[in-house]
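Novice: Residue numbers (this note's numbering), protein chains in the order written: chain E, 2 to 248; chain S, 1140 to 1438.
Treat the hints as calculated values from the structure; they're not laboratory data. As the structure is a computational prediction, the values presented were derived from the model and not from experiment. Hints are supplied without guarantee of correctness; some may be wrong.
[Unchecked claim] Listed below are the simulated PhoX-like cross-link pairs for lysine-lysine, each with C-alpha atoms no more than 20 Å apart in a straight line: (1) 1308(S) to 1285(S); (2) 108(E) to 1281(S); (3) 83(E) to 1423(S).
[As the list claims (entries may be wrong)] Partial pick of chain S residues on the chain E-facing surface, computed with a CB cut under 10 Å: (4) 1176; (5) 1217; (6) 1420.
Even glycine gets a Cβ: it sits at the ideal position worked out from N, Cα and C.
Spelled out from the first residue to the last, the chains are:
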Amino acid sequence: MFTTGNHIYLYAACAVYVISTIAFFAGRRNISLAVLVAGTAVYSLYLLGRGWIAGFFLTNPLVEGPFFLPWITSILAIYLAKKKDESWGLILLMLIAFAGFALYYSKGIMPPSPNKIGTWVTVFFMTEISAHCLFMASGVYAAAFLIRGTDAERFHVLAIWGFVLYSIAQVSGALWCYQGWGGTFRWGNRHMLSAAVWMIYAAYIHTKYINWDRRQRSWYVIAAAAAVAYTSFWSYLHEMTFPRIGG
Amino acid sequence: MKIIKQIWNIAGDLRLGFILALSSAFFFLVGSYNSYVNYNLFNSMNEKRLQDWITENLASHMSDSWWLPPLLLSLALLASNTLACSTNRILSLFRMRGKTPAKNLLFNSIPSIIHILFLIVMAGHLVTFTTGSIYRVNIDEKSSIKIPGNGAVLTVKSIVNEFFPMDSKLAGRISQTTVVLVDGSGTEIPVSYMRHASYGGYILHLDMVREKKPESFGNENDGSGKKPVKNRRGDLLFQSEYTGIKPKNQIVFIEDPGIELIFPAFTAILLLMLAFYINTLAEKNNGILNPGPRQNSRS
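My request is simple: use the sequences and hints to build the entire structure.
Specialist: Next comes the structure, spelled out in structure tokens:
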């Protein structure tokens, strides 16, 4: 069931996410949350199934960006709904966009080379993608603050926790790089991009202390989130051309 | 004395730190783009000491590498700014001892300690880039390897490949390789992908390198219809099923004195950062927040 026809779970989960979003904007928030939880359960089955696409369990396909991103976004939406956040529907819109991208994306797995298998690889991708999700969510909340004047502090909290997770990703990524390539940092496209994103958010957490007001900080967070979205999706589209197996 | 104090205050200005962090981010972004479009040039930076690479390549490839000097300068200034700013804050916290509970003082000093640890990480990387060395040796079974610098010889006893399960979709692909080296006294040194060994002051790392593109294999735009595949770092992949060329194993002798600074500092940063934000969250939930001496732009 998991190794053949697994992608059907993806289509099913995406359909359920759409229903949840419609319910939210129709004012049926409890129903929307219940449907979202069901959709997340189906999507979790899809991710588990991706782990078995090769015929044995591998974590790499499970934590591949375009597929892990919708899952972690749905977890964030559930968390915010449980925290009685008024605007968690915004995260549902993000979820629909990410799920749509996963539907469009190549669904097979990239055969991993020996230096791309290990615990730190999994930790790195899980934390990096989760951080990307929080960064983009903070951008969406910041835009909502500018437009509607609501959720004044939420975007800041999301950006801060994104930064914490991104820092964990940098350390786990450095450990992986050390194991796989013999050094913690390489002069290359991927590492310098990560350093740039880390610096952008490291600068952001200091804006409170240089007396930037919320409007200034929200513009900054929107620009930073746009940069994160552009670079991560550009990278996903680039990887889409790689040889894959299983779909 | 007054002038020194003024210079110190400017050096530790938080606004300056903000601008320097953003300018570093900008030069990293430019570097990221250039290393993507000019992979081979910038990949060679990983094999050489930074000062050697700059001497050999900077002037001759100025249009691709102009961002490197301003990046290094802005990181150096950021390090100075971080040092001055953290020192000021630690001193102001120190002056509050006795007036503030020790627990609060400790908690309020966490961000400054994180900044100092960040400096240690930066210093570790500088040490790695300027004093580390890398020496690669192609290996085959029974071949001998001369250890750079000390004349000792290691012999390759065996190279054993493990493969993914035969009944899986990855059948026939290597999942792990273990190289067993033997030194003059008969001691065996196993090295595998992702599992280093230490010997003679070096880290022994197993690496896989792909041969240069064969002439018979098409260029990207030569109209041959064979489109080379690139990985995310931009290197061309020539898979054996397309070209008959298999990757070669190399033992890499690595001297990296910076690593002893980088990993402990990284770990401490993570633990302190988590402790700080979890405590902040808990205090927010309890309605208690003691911000300590507020860090202002002229800290």
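Novice: Are any of the numbered hints broken by this structure? If so, which, sorted upward?
Specialist: 1, 2
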